[in-house]
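Protein chains: 2
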Amino acid sequence: MEWLDVDSELCPVQRTLGVVGEKWTFLILRDAASGVRRFDEFRRHLGVSEAVLSGRLRKLVEAGILRTEAYREPGARERFEYRLTRKGWDLWPVLVALRQWGDVYAGVPEGPVLDLRHRECGGEVRVVVECADGHGELAPRDVIARPGAGARTR
Amino acid sequence: MEWLDVDSELCPVQRTLGVVGEKWTFLILRDAASGVRRFDEFRRHLGVSEAVLSGRLRKLVEAGILRTEAYREPGARERFEYRLTRKGWDLWPVLVALRQWGDVYAGVPEGPVLDLRHRECGGEVRVVVECADGHGELAPRDVIARPGAGARTR
Numbered sequence: 028m029e030w031l032d033v034d035s036e037l038c039p040v041q042r043t044l045g046v047v048g049e050k051w052t053f054l055i056l057r058d059a060a061s062g063v064r065r066f067d068e069f070r071r072h073l074g075v076s077e078a079v080l081s082g083r084l085r086k087l088v089e090a091g092i093l094r095t096e097a098y099r100e101p102g103a104r105e106r107f108e109y110r111l112t113r114k115g116w117d118l119w120p121v122l123v124a125l126r127q128w129g130d131v132y133a134g135v136p137e138g139p140v141l142d143l144r145h146r147e148c149g150g151e152v153r154v155v156v157e158c159a160d161g162h163g164e165l166a167p168r169d170v171i172a173r174p175g176a177g178a179r180t181r
Numbered sequence: 028m029e030w031l032d033v034d035s036e037l038c039p040v041q042r043t044l045g046v047v048g049e050k051w052t053f054l055i056l057r058d059a060a061s062g063v064r065r066f067d068e069f070r071r072h073l074g075v076s077e078a079v080l081s082g083r084l085r086k087l088v089e090a091g092i093l094r095t096e097a098y099r100e101p102g103a104r105e106r107f108e109y110r111l112t113r114k115g116w117d118l119w120p121v122l123v124a125l126r127q128w129g130d131v132y133a134g135v136p137e138g139p140v141l142d143l144r145h146r147e148c149g150g151e152v153r154v155v156v157e158c159a160d161g162h163g164e165l166a167p168r169d170v171i172a173r174p175g176a177g178a179r180t181r
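One line per chain: the protein sequences are G and S, in this order.
Here the first sequence is numbered in the numbering used here, starting from 28 and rising by one per residue.
Here the second sequence is numbered in the numbering used here, starting from 28 and rising by one per residue.
In case anyone wonders, no lab produced these hints; they're calculated from the structure.
From a predicted model like this one, the values you see are computed outputs, not experimental measurements.
Hints are not guaranteed to be accurate.
It does not matter which identical chain is used: a pair holds within one copy or between any two.
[Said to hold, decoys possible] Computed list of lysine-lysine pairs in DSS-like fashion (alpha-carbon distance at most 25 Å, straight line):
no., residue 1, residue 2
1, Lys86, Lys50
2, Lys114, Lys86
3, Lys114, Lys50
So here's chain G without its partners, still in its complex pose (with noise of 0.2 Å):
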């Protein structure tokens, strides 16, 4: 099976994409990985209005990326927190990998803006491709990429 040929509505990439494929979602999700819980932080952050911010964490509970948890404040109404669940979670080496290319390529030269750490030791965080048999690191050139078992022809 040619690539050129292979059905790409299935590329797991594209499907993806599908999902969560606007700038905006990557937002909100590093925006919730940094603890961001609520509607107003969010939207103060985001700089979005009402609408939007509203329109688009609803998207984001629908596909299940987002769950809302309800909180009341004193002599308020009940209101909703929103948090990620496994399934946006699961994004997170997406948000680390886009943060690592943007410290090298759209970096500012006081440094690295976003600081993290491994808690235990102190040491840098990163992103890596690597064989799940133990190999380590691996570039483009050491990865063989054909069409798997659920690929189809167009």
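Fit chain S to the supplied structure of chain G, relying on the hints for placement.
Relative to the frame of chain G, chain S by itself:
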């Protein structure tokens, strides 16, 4: 410095998405990483119009993510191939991370659509977040995120 006060214009995730934050960017990069180089091949595989594709390729060339290389088929005029630059290949971990999530959450029952294997041993290929000091795979709870030297308040 509290996260909500940090100027998110400098955030490396946000700045990366400013360059590659549209779905089509990653689909072009996916194709380029699979060996697609010629305009007509991109067009055939992505199913977009000539005008749209040529605008998108131009943006990626301007961003230094793709570069052009001249070629000439016998009897035809000179044309250009599009190849990933180092800057472009450095987005490969993002692609592999998107693919990994897609295989789990947007897959097809028949199995992986894209089979990635370590060329040397045939092992599966995966993305992990790790400690640069060699402490293996990290989960979000193992990582502390703090504003770094380049951060500034709004």
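Consistency of the hints with the structure:
Proximity of lysine 86 to lysine 50 under the C-alpha cut-off of 25 Å is found in both arrangements, the shortest distances being 14 Å within a copy and 17 Å between copies. For a Cα distance limit of 25 Å, the shortest separation of lysine 114 from lysine 86 inside one copy, 14 Å, qualifies, whereas the shortest one across copies, 32 Å, does not. Taking identical chains as interchangeable, the C-alpha atoms of lysine 114 and lysine 50 lie at most 25 Å apart whether they share a chain (18 Å) or sit on different chains (20 Å).
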